[in-house]
Amino acid sequence: MHRLLARQIRQSTDESGQVDLARLGELVGAAYEESDRDRRRTDRAMKLMIEELEQTHKRAEQDLLRAREFLDSIIENIPIAVFAKDARDSRYILLNRAGEEYYGMPRQEMLGKTPEQIFPDDIARLVNEQDRRVVDSGTPMFLEGHLLEVGVNGPDRVVNSRKLLVRDGNGAPQYLVGVIEDVTERINNEARISHLAHHDALTDLPNRSAFNTALAERLARAQEASTSFAVLSLDLDRFKDVNDVFGHPVGDMMMRAAAERLVAEADGAFVARIGGDEFTILMPDDIRREDVLSLAERMVEAIGKELEVDDFLSHVGLSVGIAVYPDDGVDAATLLANADSALYRAKREGRGRVCFFETEMDRELRDRRLLQHDLRQAVEQNQLLVYFQPQARMDGEIIGFEALVRWNHPTRGFVPPDQFIPLAEENGLIIAIGEWVLREACREAASWPRPLQVAVNLSPVQFQAGDLERSIHQILLETGLSPTRLEVEITEGVLIGDFTRALNLLRRLKALGIRIAMDDFGTGYSSLSYLQSFPFDKIKIDRSFISNLEATPQSAEIVRAVLSLAHALYIPVVAEGVETDAQRAFLEREACEEMQGYLIGRPEPIEHYFNLIGINVERRRYA
Amino acid sequence: MQIQYRHWNAAHGWRGASALRELPQLVLYFGSREGLAGGERYRELRGFYPDSHIVGCSTGGQIHGDDIADDVIVAVALHFARTQVRVVNETIESREASRTCGMRFARQLAAPDLAGVFVLCEGLNVNGSELIAGITEVLGPDLLVTGGLAGDGTRMEQTLVGADGEPQPNRVAAIGFYGASFRFAHGCAGGWDVFGPRRKVTKSDGPVVVELDGERPLDLYTRYLGEEEAAAMPGSGLAFPLRIHDEAAPERQIVRSVFAVDRNAGTLTFAADIPEGCTAQLMRANFDSLAAGAGEAGRQARNALADEVVGDKLAILVSCTGRRKVMGQRTQDELDAVAAELGEDVTRIGFYSYGEIAPPAATRRCELHNQTMTVTVIAEAAA
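Chains as they are written, first to last, in full-length UniProt numbering: chain A, 1 to 623; chain B, 1 to 383.
None of these hints come from the bench; they were simulated from the model.
A hint or two may mislead.
Computed, partial: chain B to chain A, Cβ under 10 Å [to be verified]:
#1 F195
#2 C278
#3 M327
#4 D333
No more than 25 Å apart at the CA atoms, straight line, and that leaves these computed lysine-lysine pairs for DSS-like [stated by the list, open to error]:
#5 K200/B - K240/A
#6 K113/A - K47/A
#7 K200/B - K47/A
#8 K58/A - K47/A
#9 K58/A - K113/A
Cβ coordinates follow ideal geometry from the N, Cα and C atoms, glycine included.
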């Protein structure tokens with residue numbers, strides 16, 4: 001008897017053992033009903049579940065189809081050739097668009113065909129061999145950077161290709177899938193980038209980084225083989241002027257032309273451009289000093305020849321410094337520094353020269369750096385002084401003073417201006433120094449009882465940087481000096497840089513009432529066009545002509561010529577460096593207007609000239 | 001430990017042998033909502049046992065021995081020789097307060113010699129998972145906590161819990177057992193099988209599922225139950241619980257039953273929070289698989305019970321109303337299966353609930369379950 005029926009009978013039996021049939025019937029009926037309900041529920045659930053699973057399956061199929069279309073469109077559109085073949089007979093079964101381009105034929109012509117039916121015999125054989133190898137070994141084939149065997153893009157294209165085996169569910173070879181990527185551009189780009197990294201873009205010469213590598217290799221080799229070699233440091237003289245005058249496009253062409261000349265003369269030596277107008281050359285091993293020298297001199301000569309570019313003519317020069325391994329240094333840094341020292345000496349000795357390194361140069365260079373450092377402190381610690389040198393008419397009447405800066409170094413004593421002024425111009429300190437001298441000179445002159453002139457030198461650097469006009473204006477306001485008593489002396493270097501800017505500035509200064517004097521006339525270019533372009537108030541003949549008056553007849557002629565030129569333009573002339581009565585007499589005869597020099601008075605502190613500026617010495621001393 | 005068994009029906013009132021030589025510390029009783037409402041049965045029990053803790057709740061059917069009854073109130077009085085008992089109870093203000101309520105409980109019970117906790121809890125207006133989380137947060141994951149949610153037949157209108165007072169809605173009671181001699185064993189199993197596709201909970205709000213795979217969940221249930229049975233939701237929905245599977249915690253697979261329906265919104269409310277984004281799959285069972293599941297719970301509890309027990313042993317069976325709903329007259333089969341595993345020497349009492357509390361064998365972390373048979377055996381060892 002079923003357990004449930006037994007239970008139902010028990011539940012329908014009263015305490016006396018009587019079975020209540022109606023109750024039993026209810027229980028049994030309810031149990032059937034429960035079973036029926038459960039079965040219906042189960043049937044329904046099964047049916048629904050099957051429906052739902054079918055829907056899910058359909059959705060999954062659609063998803064799969066979409067995923068396939070998605071992948072197909074990717075494969076179709078990637079710029080890499082993709083193909084698939086039957087693993088058994090190498091028949092093509094898939095080819096994408098890049099593949100059509102690569103093989104140069106539409107896919108209809110390839111699909112379903114074997115390599116023999118598509119390619120020439122030798123290529124078909126090669127392709128089949130590769131296919132068999134991949135199928136037999138089961139390992140993918142990678143070929144990197146090989147030249148094309150088939151394809152239409154030309155035999156100089158470089159490709160990476162991959163071929164791999166896809167197995168079916170039972171592990172048997174089913175497909176061969178291949179990709180072919182044209183990497184020609186990438187390889188070319190990599191080569192170009194590598195070239196750019198090691199070459200100067202303008203001249204295509206090796207750059208500083210390439211030079212450093214070459215020097216390091218050369219050093220290692222020389223140390224091993226005990227050979228010697230030379231390092232040349234080269235600098236184009238006045239090349240900055242070329243850029244300033246002609247502009248950078250012409251400057252660039254000139255630079256390329258200069259570089260070509262260097263390479264032509266270098267005789268196979270390693271030439272590198274390491275900066276704006278700086279080059280270095282590594283000479284072959286064991287070359288004799290005289291050969292190095294003659295090669296350097298040939299280069300100086302080659303560069304010195306007129307450079308003609310696009311109808312622009314330019315004269316640039318070349319200075320060369322040479323250091324030799326192992327005498328002048330056994331490491332790269334020392335060799336380069338010493339070649340630079342020699343180059344510096346070559347430039348200082350008048351450019352267009354070749355200098356070998358000497359130990360003394362090293363000291364000089366260090367000394368120079370030290371001095372530059374001290375100069376910065378000098379400005380801060382008031383070590384600079386202003387001296388005054390009188391200027392007079394030819395009859396001896398004092399008309400004014402030139403203010404001159406002096407540096408009283410705490411240990412070196414007085415440092416000559418021609419030593420420290422170039423240093424200050426190099427690092428820009430001249431702007432602060434120039435302004436200070438101007439202010440001191442104006443303040444001093446404003447205190448004089450007699451309204452004498454004061455002349456102050458302005459450096460080209462001051463013209464190029466900062467707001468010179470504003471600071472002069474400010475100083476005049478501060479000190480209360482009348483602009484008509486101030487004279488600024490400029491050299492033609494002021495006009496060589498940015499000519500228009502300098503000219504405008506000079507015009508505005510002149511408009512304030514300030515007088516402008518052309519200093520050091522007769523040296524440098526002494527271009528007459530400068531005299532034409534601006535109404536100078538004065539010309540100062542350089543001291544070198546005056547001191548040679550008696551020694552060389554040419555000097556007297558030059559002085560005469562300058563004077564007559566100036567007089568023709570109605571510009572008064574000051575002769576500098578007048579030391580003797582004979583010189584004064586000559587100048588007076590030639591109708592020179594003014595003079596300056598030891599004959600009248602040396603540069604001295606202003607106390608020395610109290611009488612000339614109208615101060616009663618006794619009174620001032622005890623005031 | 002000694003057990004005295006009593007039962008009540010309308011015809012005869014209370015019956016049962018007075019087997020206790022000493023006063024019991026604890027009385028447990030279970031009855032239908034109607035049977036317990038008004039508090040008369042409680043007051044009668046209080047008359048029998050003026051100094052004992054008396055704890056009980058409304059159910060979806062009482063289990064006593066091999067039988068299930070709806071119109072009988074069953075009670076056991078327990079005398080412990082070496083175990084102390086403490087009872088705490090709280091009113092739960094809102095679902096949201098479930099966790100803090102659990103923590104408050106646990107702090108009152110906490111003691112170094114606390115050996116086990118049995119919880120009887122309001123069945124409809126509590127977030128059972130959060131309540132348990134609050135308890136285990138204070139007492140630690142190693143302390144064994146079992147129990148159940150009170151029931152209300154398949155009506156799901158109101159449930160009652162009483163602890164040393166008349167049974168009332170929105171109450172939670174817990175019994176703490178203390179001392180080294182106390183023995184506490186449990187088993188917990190279902191017997192349901194997943195079927196049909198996996199579905200995503202695309203929108204939910206706490207225990208309310210708003211969308212399953214973008215579909216109103218009520219529509220899904222209506223389809224599976226048929227219009228006729230669907231009209232009897234939420235009770236009829238107990239036939240198809242959901243297995244909830246959080247991808248982030250794959251070992252944790254919880255079964256949840258429907259507890260309320262919003263026919264306008266088409267949403268279903270489940271016994272605990274169902275997070276958005278988790279996977280849900282319908283479950284179903286047949287008479288035999290459910291009976292086998294109950295047997296498994298009994299076997300686990302028997303295996304967990306130590307050998308050195310002396311005196312009587314009490315098994316408290318907490319089974320889900322949903323199981324009874326599916327099994328109908330066959331429900332007896334699951335009680336027979338538990339009895340066969342536990343053996344003749346264990347007294348059985350229990351009830352059909354709206355949720356079972358126990359650590360499942362897989363995670364050993366106490367949780368709220370639906371649609372399981374949970375067996376808790378309490379006993380004492382010799383000193």
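Hint by hint, here is what the structure shows:
1. F195: With a minimum Cβ separation of about 6 Å from chain A (threshold 10 Å), the hint on F195/B holds.
2. C278: This hint is violated: C278/B lies away from chain A, its Cβ roughly 19 Å from the closest one there, beyond 10 Å.
3. M327: holds, 8 Å
4. D333: holds, 7 Å
5. K200/B - K240/A: The hint is violated at about 76 Å.
6. K113/A - K47/A: violated, 49 Å
7. K200/B - K47/A: With Cα atoms ~21 Å apart, K200/B and K47/A stay inside 25 Å; holds.
8. K58/A - K47/A: Distance ~17 Å between K58/A and K47/A Cα, so the pair holds.
9. K58/A - K113/A: violated, 35 Å
Consistency with the previously given hints fails for numbers 2, 5, 6, 9, ordered from lowest to highest.
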